[in-house]
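A.B. asks: All chains should be modelled from the sequences, with the hints used to inform the complete structure.
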Amino acid sequence: MNALISNLGNWLDNRTGHRQLLSEALYENVPGGSRWIYVTGSMLVFAFVVQVITGIFLWMYYSPSSQNAWESVYYIQNELQGGWLLRGVHHYMAQAMIVLLPLHLLQVVLCKAYVAPREINYWLGLVLMLIVLGLGLTGYLLPWDQKGYWATKVATELMSLPPGGGYLQKLVVGGSEYGHLTLTRFFALHAGVLPGLLVLVLGLHIAMFRKHGITAHSSERRPDEYFWPAQVLKDSVACLVLLMIVVAVVCWRGAELGPPAEPTESYGAARPEWYFLFLFQLLKKCEVVGASEFVGAIVVPTLVMIFLFALPLVAKVRFGHVVNVMVILAIMMSAGYLTYEAIDHDNFAARHRNDEPSDPEKRLLWQERIVDSERFHEAQQQAHHEYERVQELVDFFGIPREGASVGLVRNDPEIQGPRIFRRTCASCHSYLDPDGAGIPGPEPPEDWDGRTPYGAPNLYGFASRAWIAGLLDPARIESTDYFGATAHGMRDEEGAFKSEGMVEFVHENLDPSEDDVKAMAITLSAEASLISQRDADAVAKSDGTLDAGREAMIDTYSCTDCHRFHQDDDPEMAPDLTGYGSAKWLYDFIANPARFYGDNNDRMPAFAQHPDEPARNLLSEHDMKMLVRWLRGDDHDLSLKLRAQVSAQSASTAEP
Amino acid sequence: MELCGVMLTPDSIAYCVSREQLVDPRRISDQVHAEVKMSENQNAESPGHGAESRRGFMEYASLLIGAIVSLAPLALGLCPFLDPLFGKRKTPSSRQQKGGDAKEGYLRVASLNALTLGAAPQRFPVIADQRDAWNYIPDQPIGAVFVQRTDTGGVRVFNATCPHAGCSVACDGHIFHCPCHNSSFELDGSKRVSHSGRENPSPRDLDKLQVDQDKLEENEEVWVEFVNFYTGKEYQKRKL
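Sequence order for the protein chains is A and B. If you read the first sequence in our numbering, its first letter stands for residue 1, the second for the next number, and so on. If you read the second sequence in our numbering, its first letter stands for residue 657, the second for the next number, and so on.
No wet-lab data here; the hints were simulated from the structure. Mixed in with the good hints, there may be bad ones.
To be verified - Straight-line C-alpha distance at most 27 Å; calculated DSS-like pairs for lysine-lysine:
#1 K641/A x K584/A
#2 K847/B x K362/A
#3 K285/A x K759/B
#4 K284/A x K889/B
#5 K864/B x K284/A
#6 K889/B x K285/A
#7 K889/B x K847/B
#8 K285/A x K893/B
#9 K541/A x K518/A
#10 K893/B x K759/B
#11 K893/B x K284/A
#12 K847/B x K284/A
#13 K362/A x K285/A
#14 K284/A x K759/B
#15 K541/A x K641/A
C.D. replies: Written out as structure tokens, the structure is:
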């Protein structure tokens with residue numbers, strides 16, 4: 001058997017000469033013997049190989065276009081068997097490379113392996129470092145999520161700073177705006193050009209390393225060893241540890257994916273990947289010394305790179321090496337400090353809330369940092385919620401052909417509703433839950449006398465039982481949660497209501513603890529047919545509460561003296577209560593409140609007054625529907641929505 | 657032929673590509689033998705410089721042809737690669753007719769009724785047809801603007817993109833602030849120095865956009881010439 005293998009080996013060697021190649025590779029002399037400090041180079045090669053292999057598998061599932069990029073990464077992350085692990089290892093191994101690079105550089109500089117005759121190899125190493133940073137930058141955009149989109153947008157905007165940069169920017173982005181071509185170009189760079197270059201330069205780097213050998217000298221105490229097996233064992237152990245760390249981090253944290261990119265929405269948590277944070281912070285630092293961003297983004301990094309390239313030349317002068325070591329350590333420590341500071345500022349509120357400075361000037365800065373970091377965290381939270389919501393939507397609807405951003409996010413009331421509300425309604429209305437969280441409305445003017453309207457009701461839970469119960473409660477209807485900030489709730493100097501109407505009526509006639517008032521609230525709320533109250537409404541109908549409530553409305557409290565309620569000949573002096581809060585009612589109300597209030601309408605604009613000329617309306621039909629569905633909570637719980645749909649379907653099939 | 661600034665002639669190449677460095681010495685001796693033989697043969701027929709010049713020609717020709725075939729694929733890619741610098745795409749004919757008397761380049765962003773006198777600036781999406789490489793998508797949000805109706809009744813419109821590094825600014829009702837590098841602006845768009853005196857990294861004020869005054873007065877609608885500008889410059893330079 002052994003003879004056969006040896007014959008086969010001879011046969012192959014005669015034809016390929018592999019034995020010589022192998023022995024050249026393995027039996028390289030390591031002067032002074034194998035050492036742990038030498039492992040960084042091999043670890044970097046290993047990490048790169050991992051990136052190539054995992055990258056090719058990711059490539060099989062990734063689709064670079066603005067409709068498909070996020071969607072395909074979502075698929076890899078959430079649906080592909082083991083996709084989260086594959087993407088996670090690719091994600092964190094990239095970061096491991098960025099950690100290893102400066103270590104490798106430091107090792108080379110400390111061992112004085114960058115001076116003659118190894119200058120060219122050192123320069124090749126710097127080129128490799130730039131390529132790896134380029135891979136990190138291009139890879140960050142590919143998932144096309146909010147985070148990657150905005151971070152990379154800043155990076156490419158900065159490209160336009162130097163003269164002629166506008167052309168460069170257009171070539172990189174593939175036009176003046178981000179789109180399909182940005183992704184196809186970044187992907188070509190990330191998966192083709194840069195790795196190809198890297199292989200080429202890495203080949204030269206290793207060949208040249210082999211030519212000059214290891215810098216160390218053999219000594220009596222440390223005899224020489226061959227590369228194989230002593231150093232190979234150390235290298236493989238280091239690579240195994242690296243792999244284990246990366247896998248552990250993936251299992252612990254997972255690779256993050258944000259909500260899909262939305263080019264026209266403000267994104268308050270835009271940050272580059274952590275290893276570029278020092279550049280990000282440098283850009284912010286420039287404001288302190290009054291330098292332009294050109295200095296921070298281009299000049300300083302270029303100077304640092306020039307210095308790094310000049311290291312072998314500096315080493316030629318007396319004490320040059322010492323200077324090099326000191327400056328390199330200074331650069332690395334500065335980068336480390338800037339990274340720390342960037343992270344610290346983003347977490348300022350959490351870390352320094354109790355460190356209020358006594359110096360008033362410093363206190364102002366401290367306050368501003370607190371506010372900035374609170375905004376940052378709020379935006380991060382919001383992005384997190386949006387991602388979770390998109391996940392729900394994908395589970396419910398699947399991802400349509402036009403993509404998640406256009407197909408799901410833009411048509412989801414839970415995401416769009418608050419945006420439209422902030423934009424259009426929050427100048428008068430608030431939307432705050434009982435804990436005070438949500439969208440605040442306007443603040444009362446500083447010199448508010450309580451007699452001029454400045455706002456409008458809190459619409460959280462509009463038309464729900466709790467909301468209507470508050471409306472029928474004398475203590476609450478006059479608060480700013482209801483009509484306290486509107487003309488309906490204003491009193492004159494003697495304390496009498498300025499306008500005869502609902503607030504006065506509730507004050508004089510209703511006691512919220514009485515059963516018929518409670519029944520009235522339930523009955524009126526049932527008009528809205530809220531999905532969240534379906535079961536409760538059904539119970540109220542069967543146990544007679546709705547009938548009692550209707551009786552109270554019509555007979556006891558004579559609501560129909562002012563309001564219309566299911567009878568055509570009812571008056572229309574106050575809002576129609578038929579179908580109060582239902583989707584159609586709410587749409588019609590927002591479209592044109594004057595139809596409900598007549599002359600009593602207090603400042604509310606008609607948002608869709610011209611059904612035949614949509615261009616003249618304040619809100620599009622789509623935005624109106626989003627707003628209505630969000631205010632009613634129709635889509636809040638998708639499983640409830642599904643149940644409602646199913647029972648509506650079975651009802652309609654049962655009818656004929 | 658010039659490569660990396662060095663004139664290449666057959667002689668200089670012969671010098672650069674010194675045979676001893678590249679070729680197995682045994683082969684060289686073979687080659688020398690062959691050449692000696694060849695030159696002996698040629699000597700019999702023609703004068704020596706003819707052989708020299710023919711070899712020179714062959715060297716020139718192979719370098720030239722080699723350069724052409726290796727550069728050709730790059731050249732093929734060059735034009736398409738540079739396309740974004742020139743690329744102007746045709747608008748589909750069904751979308752070429754713009755209705756009404758809209759001024760060239762102006763887009764409707766809001767109705768005047770949507771704006772309260774003296775209230776905080778409101779963010780509006782800018783809706784227009786969008787071309788994204790091979791896709792043509794009608795009525796897409798292509799950007800965002802802040803619109804404010806000032807106490808005096810005028811309308812101010814700003815591009816929501818921060819002039820510093822291109823993030824999207826937000827407005828809290830009192831100031832505009834950018835979440836990326838802490839630029840901030842007064843409601844009139846001018847650069848703002850914060851209370852603590854922290855410098856503002858933005859090189860210029862928020863980008864004000866032109867409002868069509870005729871449409872504002874006659875139709876009570878806000879029409880804006882929507883332009884994106886290069887960021888990071890002290891002056892406005894349009895992105896085309």
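A.B. asks: Now tell me if each hint is right for this structure.
C.D. replies: For each hint, the structure was consulted:
Between K641/A and K584/A the CA atoms are separated by roughly 17 Å; this keeps the pair inside 27 Å, and the hint holds. A C-alpha spacing of about 22 Å is found between K847/B and K362/A, which places the hinted pair at or below 27 Å, so the restraint holds. The hinted pair formed by K285/A and K759/B fails the criterion: a straight-line CA distance of about 43 Å is larger than 27 Å. This hinted pair checks out: K284/A and K889/B have alpha carbons roughly 16 Å apart, not beyond 27 Å.
Between K864/B and K284/A, the direct Cα distance comes to roughly 24 Å. Compliance with the 27 Å bound is thereby established for this hinted pair. For the given pair, K889/B sits about 18 Å from K285/A by alpha-carbon distance, which is consistent with the 27 Å threshold. Straight-line distance between C-alpha atoms of K889/B and K847/B comes to about 14 Å, which keeps the hinted pair within the 27 Å bound. Taking the CA atoms of K285/A and K893/B, the gap is near 25 Å; set against the 27 Å cutoff, the hint holds.
In summary, the hint linking K541/A to K518/A is supported, as the alpha carbons are separated by about 14 Å, within the 27 Å threshold. This hinted pair checks out: K893/B and K759/B have alpha carbons roughly 21 Å apart, not beyond 27 Å. Distance restraint check for K893/B and K284/A: the Cα-Cα separation of roughly 23 Å lies within the 27 Å cut-off, and the hinted pair is therefore satisfied. Our distance criterion of 27 Å between C-alpha atoms is met by K847/B and K284/A, whose separation comes to about 16 Å.
Between the alpha carbons of K362/A and K285/A the distance comes to roughly 17 Å, so the proposed pair stays at or under 27 Å and holds. The suggested pairing of K284/A with K759/B is violated, with an alpha-carbon distance near 40 Å, which exceeds 27 Å. At roughly 21 Å between alpha-carbon atoms, K541/A and K641/A fall within 27 Å of each other, so this suggested pair holds.
Checked against the numbered hints above, the structure breaks hints 3, 14 and satisfies the rest.
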